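Colleague: Now for the letters of each chain:
There are 2 protein chains.
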Amino acid sequence: MNKTSTFSALNPANEQVLEGQFPEHQQSDVDFAANAAAEVAKSFRQTSPAIRAQLLHSIADQLEQAREGIVERAHLESALPHARLNGELSRTTAQLKLFANVVESGLWQEAIFDTADPQRSPLPKPDIRRQNIALGPVAVFGASNFPLAFSTAGGDSASALAAGCPVVVKGHPAHPGTSEKVAECIAKALDEMSLPQAVFTLLQGTSHELGQSVVSHPKIKAVGFTGSIVGGRALYNIAQQRPEPIPFYGELGASNPVFILPQRMAQHSESLAEEYLLSMNMGCGQFCTKPAVVFIVDDNAGKQFLSSVRQGIQNQPGQIMLTEGIKQGYLQQSELRSREQGLTLTQSQPEQGVPAYLFETTSEQWRRNPQWQEEIFGPQSIIVKCESAEDMLELSQNLAGSLTATIQAEEADYALAATLVTELEEVSGRLVFNGWPTGVEVSYAMVHGGPYPASTMPASTSVGAEAIKRWLRPVAYQSMPDQLLPQALQQANPLNVRRTIDGQ
Amino acid sequence: MNKTSTFSALNPANEQVLEGQFPEHQQSDVDFAANAAAEVAKSFRQTSPAIRAQLLHSIADQLEQAREGIVERAHLESALPHARLNGELSRTTAQLKLFANVVESGLWQEAIFDTADPQRSPLPKPDIRRQNIALGPVAVFGASNFPLAFSTAGGDSASALAAGCPVVVKGHPAHPGTSEKVAECIAKALDEMSLPQAVFTLLQGTSHELGQSVVSHPKIKAVGFTGSIVGGRALYNIAQQRPEPIPFYGELGASNPVFILPQRMAQHSESLAEEYLLSMNMGCGQFCTKPAVVFIVDDNAGKQFLSSVRQGIQNQPGQIMLTEGIKQGYLQQSELRSREQGLTLTQSQPEQGVPAYLFETTSEQWRRNPQWQEEIFGPQSIIVKCESAEDMLELSQNLAGSLTATIQAEEADYALAATLVTELEEVSGRLVFNGWPTGVEVSYAMVHGGPYPASTMPASTSVGAEAIKRWLRPVAYQSMPDQLLPQALQQANPLNVRRTIDGQ
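So the protein lines, in turn, are chains A and B. In case it helps, UniProt numbering puts the first sequence at residues 1 to 504. In case it helps, UniProt numbering puts the second sequence at residues 1 to 504.
Calculated from the structure, these hints are not laboratory results. Nothing here was measured: the structure is a model prediction, and the numbers come from that model. Glycine is no exception: its CB is placed at the ideal position from the N, C-alpha and C atoms. If a hint is listed, it holds; no wrong ones were tucked in.
With a Cα cut of at most 25 Å, we get these calculated BS3-like pairs of lysine-lysine:
| id | chain 1 | residue 1 | chain 2 | residue 2 |
| --- | --- | --- | --- | --- |
| 1 | B | Lys469 | A | Lys469 |
| 2 | A | Lys125 | B | Lys97 |
| 3 | B | Lys219 | B | Lys42 |
| 4 | A | Lys42 | A | Lys97 |
| 5 | A | Lys469 | B | Lys125 |
| 6 | B | Lys469 | B | Lys42 |
| 7 | A | Lys219 | A | Lys469 |
| 8 | B | Lys125 | A | Lys97 |
| 9 | B | Lys97 | B | Lys188 |
| 10 | A | Lys469 | A | Lys97 |
| 11 | B | Lys469 | A | Lys125 |
| 12 | A | Lys97 | A | Lys188 |
| 13 | A | Lys188 | A | Lys42 |
| 14 | B | Lys181 | B | Lys97 |
Some chain A residues well away from chain B (every beta-carbon gap over 12 Å; in silico):
| id | residue |
| --- | --- |
| 15 | Ala13 |
| 16 | Glu15 |
| 17 | Glu24 |
| 18 | Leu76 |
| 19 | Ala187 |
| 20 | Ser194 |
| 21 | Asp298 |
| 22 | Asn300 |
| 23 | Gln311 |
| 24 | Ala492 |
Derived list of chain A stretches under chain B, where covered just means 3 residues or more per stretch with a C-beta under 8 Å from a C-beta of chain B:
| id | region |
| --- | --- |
| 25 | 101-114 |
| 26 | 475-487 |
Please model the complete structure; the sequences and the hints are all you need to start from.
Modeller: Rendered as C-alpha cells:
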C-alpha cells in the first residue's frame with residue numbers, strides 16, 4: 001500500500017491538533033480493500049445467520065470493552081458531551097444486537113414459494129422458490145454528526161454485515177481516531193470468529209477523491225451515505241454514471257416540518273415552546289431530524305408560544321459545533337438568511353460556541369421564498385405564522401421531501417389533523433404525533449428515509465430492522481432439486497425461515 | 001392539446017402502411033397527462049384495495065371482450081402469430097388478476113408494528129406502525145416484443161395500478177393501434193368504476209424526445225421500462241440527473257447463459273439440441289430470456305449435441321422480425337460478429353424472414369472476447385466448447401448480469417452443479433434447473449431482474465407478485481391515535497392485513 005502522507009484530527013473546542021497520525025489512503029488502498037472484499041464476498045454471504053449474528057454480538061462486546069477510550073476520543077474529536085456519546089455508543093451496540101436478531105429471524109430472506117402443478121394446462125406450472133441474497137461489497141460513509149451510530153460500526157455497517165456483505169468504510173475526516181478505535185474492535189471480533197479481515201476495511205483520508213474512488217470501484221455493489229446534499233449528490237451522480245450503476249442509499253437532508261394545530265396550541269403553548277427549543281438545539285442542531293420549520297396559527301395562543309420561544313432562544317447556552325468547517329457554514333448561511341427580506345431574527349449571544357437563530361415569517365412570505373425550505377445545519381429554525389388553520393393546511397401541500405413531519409393536535413383538531421396526515425404522507429418517511437422529530441427509535445417499524453432529498457432511495461430506510469433490505473436482492477430457483485437449493489429454501493426448512501406459499 | 005402531426009404503423013410482414021393515424025404527442029400532452037395524474041394521485045392511492053382489485057378485473061374483462069380486434073391488430077403490427085398473441089393476451093389478463101389478488105391480500109402493505117413501552121428506561125418506547133403507500137404517478141414504456149403483456153396494460157401498468165399509482169404509458173411506436181385499443185379498454189373500465197380518466201393516459205409518438213420528456217417530468221415519480229441497453233440507459237441517466245432523481249426500473253438485456261453438464265449431455269444430447277433450438281428461435285429470438293450462450297464440454301456427447309444443433313439450425317424456417325429497424329439491427333450485428341476471428345457460423349437460409357445464426361467458439365476464444373456476451377436481439381446464439389467441466393466452471397465466474405442462468409445436470413453432475421449454483425446466483429435473478437429460460441411464469445415467487453444490465457435496480461423484479469413493490473415506499477406513524485391511522489394500521493385491522501409485531 002502506497003501511503004504518501006498522513007493527517008491529524010483537530011479538537012473543535014480549542015482548535016488544537018490531537019495526537020495521532022492517520023493515513024491518507026490512496027487509490028491503491030481502495031483497490032486493495034475492494035478487491036479483498038470481493039474475494040471473500042461469496043463465502044461471507046454463505047456463512048450461516050447464526051455466525052453473522054455472533055459476529056455482530058462480538059463487535060458489540062468489543063465496543064463495550066473499549067467504551068471509555070472510544071467515548072473520550074470521540075469527545076475530543078467532535079466536542080459532543082460524554083453523556084451524549086455514551087448514549088450513542090449504547091445505541092450503536094443496540095443496533096448491532098437488533099441486526100443480530102434480524103438475521104437470525106430469517107424474515108430478511110423473504111422466502112416465497114410457488115407450488116408446482118404438473119397437470120396445469122396449457123403448460124405445467126414449475127416449482128419456484130425465491131430468497132434474498134447479499135449484494136456484495138458495500139461502501140459506507142461515516143457521518144460527521146454521529147461519530148459512532150452512523151459511522152464505522154454504525155447502522156449501515158451493522159445492517160450490511162448482517163445481510164452478508166463485506167464492508168469498506170470511508171471514515172469521516174473529522175473523527176479519524178474514533179473510527180480507528182472502532183475499526184480495531186471490528187478487527188478483533190472478526191479475528192475471534194476466525195473470519196477474514198477483508199470482511200471489513202476502514203479507509204481514511206481528507207480528500208474528496210478518496211470517497212469518489214470508493215464509489216467508482218467496480219467491485220463495490222452498493223453505497224450507504226449520510227451527509228449533506230452537495231457532497232451526497234456528487235457521490236450519487238458518480239454511482240449512477242458508472243458503467244454498472246449501483247444503488248446509492250443517501251440521506252441528504254430534511255426540514256422536518258412541525259404543524260401545531262390551534263387547540264393543541266391553546267392548551268400547551270408553554271410546554272410546546274420548551275420542547276421545541278430542546279429539539280432544535282439538541283446536539284447543537286446537528287441532527288438530521290432537527291425541526292427546521294414550525295407552522296403555527298397567529299392567534300393569541302400562537303403569540304404566547306412565539307413570545308416564549310423568543311425569550312428561550314435568547315437564553316440558549318452556546319454549544320461547540322462538530323468542526324470548524326461546519327461552524328463557518330452555519331454562520332455564513334445564517335448570516336445570508338438573516339439579510340433576506342421577510343424574516344425577523346431572534347438569537348442567543350453566547351460567550352462560547354455558536355449562537356442559536358430563530359427566524360419568524362408569515363405564510364405569505366413563506367410562499368414567496370421556497371429557498372427557506374433548505375436546511376441550515378445547526379441550531380436554527382423558522383416559525384411560519386399562518387392566518388388560519390386552512391392557510392396552514394395549504395402550506396402542507398408544498399413541502400420538499402423530508403425524513404419526518406410532525407402533527408401536534410388535540411381531539412378537537414382531529415378533523416384538520418386527518419387532512420394533514422394525508423398531505424404529510426406524501427412528503428415524509430415518518431409522521432410523529434404530539435412529539436418532536438429528534439430521537440429516532442431503532443426498531444422494527446422505524447422508517448428513516450422519505451422522498452428526495454430525505455433519501456435518494458425513497459423505498460428504503462437507513463434506521464431500523466428493514467434497513468437490511470438495502471443490501472439484498474432476490475434470486476428465484478426454478479425446479480431445483482432439494483439438495484441443490486440453498487438452506488432457506490430446502491423442504492425440511494433447516495433454518496426455520498418464515499415462508500409465504502402460493503400467496504398465503 | 002397541441003398535436004402537430006400524426007404517424008402510422010407499418011406491417012413488418014410486407015412493409016405496407018396499416019390503417020389508422022396516431023397522434024405525435026408533444027410536451028404539452030406530457031404536461032397535461034402528468035399534471036392530471038398528479039391531481040388524482042392522492043385520492044387514487046386512498047381507494048380501497050377492493051376497488052383497485054375490481055378495476056384490474058374490469059380491465060381484464062374489457063380486454064377479453066375486445067380480444068379478437070386486439071389480437072388481429074397486434075398481429076398486423078408485430079408479425080407475431082395469432083396463437084402467440086392469443087396466449088399473450090391471456091397472460092396479460094392473468095397478470096391483471098394476479099395483481100388483483102395481491103392488492104386484496106394486503107401483503108404488499110408490509111404492516112409492521114412496534115409495541116409501545118412507556119416504562120422503558122432511559123426513554124419510553126413509542127408506538128410505531130409502518131405501511132407501504134403508493135409513490136405517485138408512474139411512467140411505463142411499452143416494449144416492442146410483447147405488445148400486450150409488457151405494454152399498455154402489461155405487468156408494469158397492472159402492478160402500478162394495483163399499488164395505487166396513476167399510470168402514464170409511452171406506447172411503443174411499432175404497435176400504436178394495439179396500444180390504442182388496449183387503452184380504450186382501460187378507459188372503459190375506469191368509466192365503469194366511476195374512477196377519473198386521469199388515472200391512466202396513453203401517450204403516442206415516434207420521437208425519442210417524447211420518452212425523455214415523460215421521464216423528466218417533475219410529477220412523474222418512477223419509471224418502468226423494458227428494452228435495449230442503449231435506449232434504456234439514456235432514459236435511466238435522465239431519471240437520475242433530474243433535480244429530484246426517481247427510481248427507474250429498467251430491464252435492459254441479458255445473455256441467459258446455459259450450462260450443460262457432462263452426464264446430462266451424455267444422456268440427453270438429442271433432446272437438449274431440440275429444446276435449445278426451440279428456445280433460441282421462439283418468437284424469432286425476440287425474448288429477453290433467449291439463451292444467447294450455451295456452455296458445453298467438448299466430449300463425444302458434446303460433439304453429438306453440436307452436430308444436431310448445426311443440422312437443426314440449417315432447417316429453421318424463416319420468421320418475420322417485429323420491425324424493419326430491429327431486423328436491420330439484427331442482420332448488421334450478426335454480420336459484424338460473423339467476421340470476428342475465433343467464431344464459426346452455421347445458419348439457416350430461409351426464403352422469407354431472417355436467418356437464424358449459430359456461432360461456435362472455444363473457451364479460450366471466449367475468454368479473449370468479452371464483447372460476445374453482448375446480446376444480439378434475434379434468433380442467434382453462441383455455443384462455447386469447454387475443455388472440461390472445470391474449464392466450464394471457471395467461465396461461470398466471469399459473466400455479466402443476466403435475467404436467468406440455467407443448469408442442465410443429472411445426479412452424477414450435482415457436485416459440479418452445486419458450485420455452479422453459487423457462481424450463478426452472483427450474476428442472475430433466476431436459476432433454471434433442467435429447463436430453458438424462455439417462458440417466465442407470472443407467479444408469487446418469480447424474479448425477473450438481476451444484476452445490471454438485466455435490471456437497473458437489482459433488488460426488484462418486473463414480473464410476478466413482488467413487482468408491485470417497485471411502486472411503493474414505506475411510511476411510519478409514531479404515537480398516532482387510532483382514528484388518525486390509515487386503515488391497514490388501525491387496531492381493529494378492518495382490512496385484515498398480515499402484521500409483523502415486534503419482529504414476530
